[in-house]
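Residue numbers (the working numbering), protein chains in the order written: chain E, 4 to 159; chain P, 36 to 438.
Hints are computed from structural coordinates only; laboratory data are not their basis. Be a bit skeptical, because a hint or two may be false.
Not everything, but these chain E residues come out facing chain P in the computed CB check (under 7 Å) [to be verified]:
#	residue
1	L9
2	G11
3	E22
4	D45
Taking beta-carbon pairs under 8 Å as the criterion, some of the chain E residues facing chain P (in silico) [said to hold, decoys possible]:
#	residue
5	T19
6	A48
7	S52
Everything numeric in this text was worked out from a predicted model, so none of it was measured. The beta-carbon is built from N, C-alpha and C at its ideal position, and this holds for glycine as well.
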Amino acid sequence: MQSTPLPGIGVQYDLTTREHQHLSVIAHRDGTRTLNTYRREDPDACAHSLRLTEGESAALVDALTPSHHSPNVLHTSGLGLVAERVELSGSSFWNGRALGETRMRTDTGVSIVAVLRRTGAVPSPAPDFRLAGGDTLILIGTREGVDAAAAILGRE
Amino acid sequence: MHTATIFIELGAIILTLGLLGRIGSRYGLSPIPLYLLGGLAFGQGGLLPLSASEEFVATGAEIGVVLLLLMLGLEYTAADLVTNLKSQYPAGMVDFAFNALPGAAMALLLGWGPVAAVVLAGVTWISSSGVIAKVLGDLGRLGNRETPVILSILVLEDLAMAVYLPILTALLAGAGLLVGSVTLAVALATAGAVLFVALRYGRLISRFVSHDDPEKLLLVVLGLTLLVAGIAQQLQVSAAVGAFLVGIALSGEAAEGAHTLLSPLRDLFAAVFFVFFGLNTNPASIPPVLLPALALAVTTALTKIATGYWAARRAGIAAKGRWRAGGALVARGEFSIVIAGLAVAAGIEPSLGPLATAYVLLLVVIGPLAARWTEPLAARLTRRGPAPAAEPQPLPEEPGVRV
């Protein structure tokens, strides 16, 4: 996989398959993707150029990788535990409150293992960690526990 | 009472532009020629002269130039510019020699003097990155192997603007050799310093500007840009270059946010700018310069094709791709008008404005056509030599293949 910057447009990723076929993907600045295939008689030119939205390319990736997974569930193990992402809304009750105040582990048995924020990820946040609207929390617990936790975190 | 007339006039202008743009997009036309024609129609000597809103339109046009250049700067990071400069400078030099010199020669031929020659050189030199990027997208050629070559030539031209515009402003100010070279030195030093700061501390500046709230981001970026543009103008560097440098200095999240927020504003004020340019041109002054404009358009269309061909060959692209690269570069547009606008505002050579208008009108329309047809045409012309039986398949490029 070779990448070429396209100033003002995005980045182009080129791939040559084992059968010597060329294809490329352009990642546009706005998040859309273009999938290109090339002509046999004129290898510099695109034969087809497919414009995909972010959602469409996610669907395509899902079809290309055989392990089907929903983007909301990180992993479901055989032990009856699930991991889930829960996002706090902008008008969340928890905006600005400490993580300990949710009494998450006491009430639901669910652990908050990480908080994802635009500025970066915070692994294993302490009880005095202050939540903010827009944070995404990664929870691990039983199915029922995670559902209860999502209900608590959904408080406005 | 006065505001009412201003509103009515502005409303009429902007509404007409919107409708014209809509008609244009139906036929795949860039809106720039339509805006220019709109300006011609509303201006002195046109169909429907307007006067009350003149001052507002003039200021709006200035803001339009600042925003055009700011957005141009936002497209690139300082690192993009430096890597491009390092690897592609021969193509940039060929581009300059092939396309700027014909413009300069034409101005001298018309007896307009050296300053006008520098202006016209800029007009014929700089391709329209806006039109070309759109055409490449429309034709489904963004993934083509010659596309990075085309883009890097555009990047080099844009970078060259940062050096060219201060030189031009110094020349237009009519300063003497000593004062002129001092302002020029100040200008170039500022541009160099900003580029250096952007490379080193771009992340810090972006973090200072960056804000989650779109309203505050918009205000901070716009305020900063206008402030820097104003200061640059005071230093004789040209407001446009100041704005361009602000755009370069911003990167990452801040640049992306500012890009989406400012695009509609840019569209509005850039349209006002094109109208303003048209307003200041009397349609009656165009026919006398039509012939030189046509000659210049044909010459510089061919030299641009040659530039693209040469640059693509240098990058190891096959013949068809070379022709495509050449054809794609033909369009001139917003920046030719920006350059001519500066000269017109400085009151240099009255025929320059009409000539530039006619020239851009021609090439902004021919550009997309050249992008589409240069390669099939070249293929047909060059195939006449060897036996046609060599290639059994029909046309090399069918219009229907893009999706």
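Against the structure, the hints:
{"no.": "1", "hint": "L9", "result": "6 Å, holds"}
{"no.": "2", "hint": "G11", "result": "4 Å, holds"}
{"no.": "3", "hint": "E22", "result": "19 Å, violated"}
{"no.": "4", "hint": "D45", "result": "5 Å, holds"}
{"no.": "5", "hint": "T19", "result": "12 Å, violated"}
{"no.": "6", "hint": "A48", "result": "5 Å, holds"}
{"no.": "7", "hint": "S52", "result": "3 Å, holds"}
Checked against the numbered hints listed earlier, the structure breaks hints 3 and 5; every other hint is satisfied.
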